[in-house]
Amino acid sequence: MQIILDHVSFTYSKRRKNRPLAGPLVLGKLQLTVDKGEMLAVAGKSGSGKSTFLQLLKGFLSPSEGNLYLDRTDPHLNRQPEQFDRIGFIFQYPEHQLFSTTVYEDIAFGLRSAKLSPEIQEAKVRKAMQAVQLDYGKFKDRSPFELSGGEKRRVAIAGVVVLEPEVLILDEPTAGLDLQSRTALFDLLHAMNREQGITIIWVSHQLEEILEHAARMIALKAGQFVADGAPSVLLSDPALLQAFDWEEPPALAVSRILRELGAAVQDNRPLTALEAAGAILALHQNRQVSI
1 MQIILDHVSF TYSKRRKNRP LAGPLVLGKL QLTVDKGEML AVAGKSGSGK
51 STFLQLLKGF LSPSEGNLYL DRTDPHLNRQ PEQFDRIGFI FQYPEHQLFS
101 TTVYEDIAFG LRSAKLSPEI QEAKVRKAMQ AVQLDYGKFK DRSPFELSGG
151 EKRRVAIAGV VVLEPEVLIL DEPTAGLDLQ SRTALFDLLH AMNREQGITI
201 IWVSHQLEEI LEHAARMIAL KAGQFVADGA PSVLLSDPAL LQAFDWEEPP
251 ALAVSRILRE LGAAVQDNRP LTALEAAGAI LALHQNRQVS I
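First residue of the sequence shown? That's 1 in full-length UniProt numbering, and the numbers climb one at a time after it.
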């Protein structure tokens with residue numbers, strides 16, 4: 001699915017007929033194209049409009065001005081709200097929304113309105129649990145409240161994945177998770193993106209996370225897109241870092257310092273630990289190394 005925002009603005013004030021928008025804009029004149037299969041991170045300070053932006057993409061909110069297209073169709077203009085069912089939405093701390101007595105029942109809840117046979121329902125739940133790497137036999141009868149934080153989040157994601165979305169939107173998906181769970185979660189998201197072609201869009205305050213996992217980054221400030229591009233390029237820009245009061249990610253700082261010391265390191269690319277160690281060793285031995 002391709003998503004296009006064409007001069008989209010949003011305000012919580014009601015619009016009067018044939019009059020300009022009233023009240024302060026939360027989002028203003030946004031233009032954006034997200035192609036199928038992207039790994040896109042959205043960054044910005046609190047109050048920048050990130051949550052409103054995500055809710056517009058999912059159809060929870062309608063643009064006050066402009067158009068939002070899903071595969072060149074505006075669901076609002078054409079009165080086809082069911083088109084937004086193709087987009088899955090994971091709220092922050094989704095495990096807080098778990099409520100059923102078993103993992104199976106929680107994941108299957110979204111299928112109830114479809115009136116599927118028990119056999120088809122079970123097959124879809126199995127597939128969703130496989131997608132989030134939860135063993136069906138081991139977890140289906142367990143209480144979701146007895147699981148670890150990372151496992152709970154996987155159950156919550158499976159409850160969305162079972163509906164077979166083409167786009168998955170996540171609001172700060174690693175909030176509250178330990179390092180092992182964060183790593184496992186992004187392994188899962190990358191696998192879904194790579195193997196199923198699902199577009200992944202997520203909000204994060206963690207620049208290192210964005211640098212490591214996003215192919216594209218958008219920066220929101222006061223309801224405007226102020227940057228759009230490769231994270232390694234954007235997060236190497238002193239002007240952008242200053243505008244958001246961000247610290248340079250350590251991986252990029254190491255690359256920059258090594259370049260300044262004479263190592264042959266490509267611009268705007270974070271180094272792995274082994275690459276950095278090799279460059280430091282080469283400098284110590286008074287020779288350059290291409291990385």
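Hints in this document: simulated from the structure, not taken from any laboratory. Hints should not be assumed to be uniformly reliable.
[Said to hold, decoys possible] Pairwise CB distance ranges, derived in the manner of DEER restraints:
{"hint": "1", "residue 1": "Glu-122", "residue 2": "Ala-253", "range": "48 to 56 angstroms"}
{"hint": "2", "residue 1": "Ser-117", "residue 2": "Ala-222", "range": "47 to 55 angstroms"}
{"hint": "3", "residue 1": "Pro-81", "residue 2": "Ala-239", "range": "20 to 28 angstroms"}
{"hint": "4", "residue 1": "Ala-175", "residue 2": "Lys-58", "range": "31 to 39 angstroms"}
{"hint": "5", "residue 1": "Glu-212", "residue 2": "Gln-97", "range": "22 to 30 angstroms"}
{"hint": "6", "residue 1": "His-205", "residue 2": "His-96", "range": "13 to 21 angstroms"}
{"hint": "7", "residue 1": "Leu-77", "residue 2": "Lys-138", "range": "29 to 37 angstroms"}
{"hint": "8", "residue 1": "Leu-32", "residue 2": "Gly-176", "range": "27 to 35 angstroms"}
{"hint": "9", "residue 1": "Phe-145", "residue 2": "Gln-206", "range": "52 to 60 angstroms"}
Idealized CB from N, CA, C, for every residue including glycine.
- prompt: Hints broken by the structure, by number, lowest first?
  reply: Hints 3, 4, 7, 9 contradicted; others consistent.
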